[in-house]
Amino acid sequence: MSKIIRVLVAKPGLDGHDRGAKVIARALRDAGMEVIYTGLRQTPEQIVAAAIQEDVDVVGMSLLSGAHNYLFPRVVELLKEQGADDILVIGGGVIPDDDIPGLKEAGIAEIFTPGTTTTEMIEFIKNNIKDN
Amino acid sequence: MEWIKKMLEGDKRACAKLITAAENNPDEAEKIIREIHTHTGHAHVIGITGPPGAGKSTLTDKVVKSLVDEGKRVGIIAVDPTSPYSGGSILGDRIRMQDLALNPNVFIRSMGTRGYLGGLSKYTKNALKILDAAGYDYIIIETVGVGQSEVDIVKIADTILMVMVPGLGDDIQSIKAGIMEIGDIFVINKSDLFGADRTATEVNMMLDLTMDMERRPPVVKVVAVKNEGIDNLIREIKSHIQYLEESGQLEKRRKNNMKLEVVELIETELRKIVISHTDKDNKLDGRVAQVYSKEKNIYEVRDEFLKAIRKDN
Amino acid sequence: MLNNEELSKIKTARENWEEKVLNKTLEKSPESKEEFRSVSGATVERLYTPEDVAEIDYVEEIGYPGQYPFTRGCQPTMYRGKNWTMRMYAGFATAEESNERYKYLVSQGSTGLSVAFDLPTQIGYDSDHSLAQGEVGKVGVAIDSLKDMEILFDGIPLDKVSTSMTINAPAAVLLAMYIAVGEKQGVSADKLRGTIQNDILKEYIARGTYIFPTEPSMRLITNIFEYCSKEVPKWNTISISGYHIREAGSTAAQEVGFTLADGIAYVEAAIKAGLDVDTFAPRLSFFFNSHNDLFEEVAKFRAARRLWAKIMKERFHAKSEKSMMLKFHTQTAGCTLTAQQPDNNIIRVAMQALAAVLGGTQSLHTNSRDEALALPTTDSVTIALRTQQIIASETGVTNTIDPLAGSYFVEAKTKEIEDKAMEYISKIDDLGGAARAIDLGYIQKEISDSAYKYQMEIESLDRIVVGVNKYQVKEESPKGLLRVDPIVGEMQTKKIQDVKSARNNDAVKSRLEALRTACQGTENVMPFILDAVKEYATLGEICQVMRDVFGEYEQAVLL
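The listed protein sequences correspond, in order, to chains A, B and C.
By my numbering, the letter at position 104 of the first sequence is numbered 275, and the numbering carries on one by one without gaps.
By my numbering, the letter at position 261 of the second sequence is numbered 1021, and the numbering carries on one by one without gaps.
By my numbering, the letter at position 365 of the third sequence is numbered 522, and the numbering carries on one by one without gaps.
These are computed hints drawn from the structure, not numbers from a lab.
Some hints could be false.
[Stated by the list, open to error] Computed Cβ-Cβ distance ranges for the label pairs, DEER-style: (1) Gly-831(B) x Leu-618(C): 53 to 61 Å; (2) Arg-976(B) x Ser-583(C): 40 to 48 Å; (3) Gly-273(A) x Asp-991(B): 45 to 53 Å; (4) Lys-1015(B) x Gln-253(A): 38 to 46 Å; (5) Gly-198(C) x His-802(B): 53 to 61 Å; (6) Thr-535(C) x Gly-770(B): 51 to 59 Å.
Virtual Cβ for every residue (Gly too), placed ideally from N, Cα, C.
For reference, chain A alone in the conformation it holds in the complex:
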């Protein structure tokens, strides 16, 4: 029996648009994953605390406000500080292509831009989480 994948779906920063995060949470649940949804207005500290206590395999962040260049890498930084850099970090939302290389360099494994299907996301997660 394969382990159930646990995913933290988080809304970092002040952005209040949660349509995407909720659709993804449902889709991941329908794909057999356990999804911990944090709700809105998460600081990077809150996201990391939750990721660690819930021992998730994936942290997925949804952000449409343009603050991704600051918030996403900060989460990766804090995860690293707390020895949790084996967690797969992914992001999505309104993120210009030009920002993606920088974000990947900062440790975000993949950025899912508008138009990505939930199926693609699920496949990516399954293929990229750390086996334990």
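Using the hints, position chains B and C against chain A.
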């Protein structure tokens, strides 16, 4: 196991890893529990159950904030239902506990029932033991609140809070008879809503009808979202703890629960033995065919298997 | 509308057609789908005939523009008198840069201003707050104090423009700043024209920029209604919004039902606060989405007008016709724009804008082609504005009022959406009203169910999105997108320091104390906010006082 050492020192990540290991692998769980057993038994376990919409998570948030203000360390296990179709779940109780996420004295873990129907997960007990060993003074367990949520909470909690809300359906009917026996404290949440007094009266009436009560559970009105009535509730919780300790009930209940656990563990192993016999070469299928065609009766088949099992063991 | 004999003739003729003509074709080549559905998922029949509208009374239900029930429009002459206001939502980075964009838009023919604020401003935080990091100026302009507001409207005469401000939880503060800027320009408050969005319920439902819990938020809203009815009588004190509800994934009927349910909650709150319906109701306005399904959207707008008119008359016993009139602003649907092949978005927006005009909107914002990627560049926003101008000047659709009235399809759909929306309103009434329904998560769940269904239809190709799941091409990343320099955060922080050292800090302190006392009591807080604003108390300082007294909204609900 190095995670255990770290957990005992207070490392939250280690604690989380152990809970995961115990959740995913029964052999790992056994190893862990064997090692940490001597460190358990200190935490007071509070179970919070009640129908969906009763505000259990908000109530948990307020109760824990109050306990933490007193300098206590609190662990929370919040259980949500796993989808029977996909095996996945959305665990959303953390949303109502935003401030607690960063408190160093708080640990919040969300669990899916993973198909188990008793209101908790099969692995909640192990998670609880790990949090206990990690030194949390209180551990709050929140059930899913649907179906037979009350069945399991009795087996692991010291103090059970039964949360109800006025106007959630027809109150008298929705108060299931069994609840009266297991609630240690009845909490009427959202008590600023119309009908709160009526609900309290109905609960008290049902309690009047319940026989054999050593202690009559109090009925406490709160408005969790406004933080009203929480101090009173905490007082009642502590009063219940005191009662349990002074009357010897705490030891009695815990020993009783351990008995149930031991028997359950034995049954699990025995079941494995039975299956190894019935499934071997599809023997059971063959025997059942004989029963169906009236060659044998069902008790003869039972005896055949029992004989073989006893011989092997 | 027709008598029985005529209807009977029509029915017979239809049956004849079905038998002799239609069925033959269906046998040879069946239709491409089992069922045809609108974008919202409502069934669309092959054909609509007088039979479908037989029950609708023209005079009672459809009527005449500018008269109850306003189905055909709010003004008797509609666009023949004056076009809708071309009001482009704009704002980013600093007040200086936004001021430039406003002047550009006005020079290019936009007829109203619309201010977009950044998230820290919308949530009552100054740009130097820890939670503002990375967010300053990103989705709108950063306003930390009256100083920024003065810069924002520098060279823009407030007696000559009407300004819509998309601000909700701290609306009172931004309105106070606008009034203060007007005063400095020598324009008295009674001359100011504009709108504040000020719709907190939809923040809890779909938009997320709430600050305080429900009760104090409703108090702030009714305080604003009361204050403006006396001091700023030309101001629209609320823009009850369906736009965001639709963006969050609702259907057209849900958009109308949930928005009007919110409207009902506001009217009830105002009445409870002692205001007379006919005093504040004429200043209520609405804000809707214009989505892809042209005919469904037109029907939706008409249904909303008729339903609100009935609610105001029958439920709230309004006496003045002005109280029953649903005036609205429209924005084309942002959620339909794609990152792939962004120029396609120009066409989408054009269709959606057309629907809004055919639906009789009072004011319109058209999205820009690059908005699935970033805030719009000057070029993109110009095309969006031109879209409106072309519709107004070149297509002829403004020559007559409510041109689609009488279409069997559109009238049938108008009735259908009205009925469905009313069902949602009744359900919400049963739950105890909109605020209660939000606490229970009913509205949010309906919306997220619709959103999930929509996404699954896209992934299964039941719903086509051109360029995304059909007609895809391999593309280069788009170039030249608008970027907000992160240095804006630092600049604003410095500005705040400058303001704080230049102002009279004692006066600020005493104004904030007076505000605190007012919040704790039952007085109207507007004058106190105005006093604080004029002393250059910052937005964050003022909102913190209110946070202290009112508390903060706690997220409760999940899916």
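Evaluation of the provided hints:
Against the hinted window of 53 to 61 Å, the Cβ-Cβ separation of Gly-831(B) and Leu-618(C) comes to about 59 Å, which satisfies the hint. Distance hint check: the CB atoms of Arg-976(B) and Ser-583(C) are about 43 Å apart, consistent with the given range 40 to 48 Å. A hinted range of 45 to 53 Å for the beta carbons of Gly-273(A) and Asp-991(B) is consistent with their spacing of about 50 Å. Under the hint 38 to 46 Å, the C-beta atoms of Lys-1015(B) and Gln-253(A), about 39 Å apart, fit the expected range.
Taking the beta carbon of each, Gly-198(C) and His-802(B) are about 56 Å apart, inside 53 to 61 Å as hinted. Distance hint check: the CB atoms of Thr-535(C) and Gly-770(B) are about 56 Å apart, consistent with the given range 51 to 59 Å.
Violated hints for the displayed structure: none, as all numbered hints are satisfied.
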